[in-house]
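Given the structure of chain R, go ahead and fit chains E and B onto it with the hints provided.
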Amino acid sequence: MPLIHISLRAGKPEAYRQAIFDSLYRAMREALSVPEDDQFMTISEYDAANFRYGNAYGVARSADVVYIQITVFNTRTAEQKKALFRRIAELLGKKPGIRAEDVFVNIVDAAKENWSVGHGLAQFA
Amino acid sequence: MPLIHISLRAGKPEAYRQAIFDSLYRAMREALSVPEDDQFMTISEYDAANFRYGNAYGVARSADVVYIQITVFNTRTAEQKKALFRRIAELLGKKPGIRAEDVFVNIVDAAKENWSVGHGLAQFA
Amino acid sequence: MPLIHISLRAGKPEAYRQAIFDSLYRAMREALSVPEDDQFMTISEYDAANFRYGNAYGVARSADVVYIQITVFNTRTAEQKKALFRRIAELLGKKPGIRAEDVFVNIVDAAKENWSVGHGLAQFA
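Residue numbers (this note's numbering), protein chains in the order written: chain R, 16 to 140; chain E, 16 to 140; chain B, 16 to 140.
Note that these hints are calculated values from the structure, not bench results.
Check the hints yourself; a few may be wrong.
Repeated chains share a single entry, so a pair holds when one copy, or any two copies, can fit it.
Computed list of lysine-lysine pairs in DSSO-like fashion (alpha-carbon distance at most 30 Å, straight line) [claimed, not checked]:
1. K27 / K97
2. K97 / K127
3. K27 / K110
4. K109 / K127
Next up, chain R with everything else stripped away, as it sits in the complex (with noise of 0.2 Å):
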């Protein structure tokens, strides 16, 4: 259950933007080993007058950066958070082809009895 939120300049077509979806959950699957059809995001498209960036931290990003929010378990660890940073920009650099520059990942810990995903229900406090 994790959820995902996308950031990333408009004017990307269709396929360009289900290729992240697919990439980001095959990342997930093989990282997280999350269940199969645990997928859960949206991508926000932004004006160019609503979306920037730097090149802090020794990177060369470009406008076609995107912005990657996962919130998780808070039971997570750094080898896994590693391995999903690494496989995510593996992934999306095949599909749908971001240069490994562009791609910003940022998780966010949330405890198991912060998630109901259906019937009002805390399915993992």
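What follows is chains E and B alone, placed relative to chain R:
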């Protein structure tokens, strides 16, 4: 001062979206005892191509699924969170009439020192 | 590498929105000492029907209220956060000229291992 970001597929009438706000506000009043007029919420509408959902965890979701991400004080108890989940699903079920399967809620905890609700002050620190 | 998502009512001119970015960047430089060009921000604009605000906590907000959600390292101190809140309100007050009552800020803490600012690496872990 919970801050709520709601994500759903585009196309619902305004009354439907207002009902989501109203029900979430009422759920917070009842389950979290937030003060009167403590309403800080946005609704983002997504085309099908920018919104992905799955059926993981044995829940038969539909295109009406709503992702509700709520940032609250990290002092909220597991019992309060359970009550909030239950009340949100009940109230959204009545108004605007969302199936319990389509109510997906994630809580993010933030310390009291992490909030400034105006004037540049940390009112709760 | 703070990641900032800004939410406000639609309709402000581009210069107004650029001024929000500029002031937030400057506030982060001064209060958090972030490196040069550490700018990762989005602005989402909402119609009135998709944006709800209230007057809780004795603050007379207007339709110009701005919700600023900032995810930062969980190593930031309460003093840094206070300085950030103060500086954000001061600078937004000057440029683009937002009333201090309308500046609503929430900080989300994320561990150093939770960030990948490019190349699939966990640069700060």
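* Would you pick out the hints that fail for this structure and give their numbers low to high? => none
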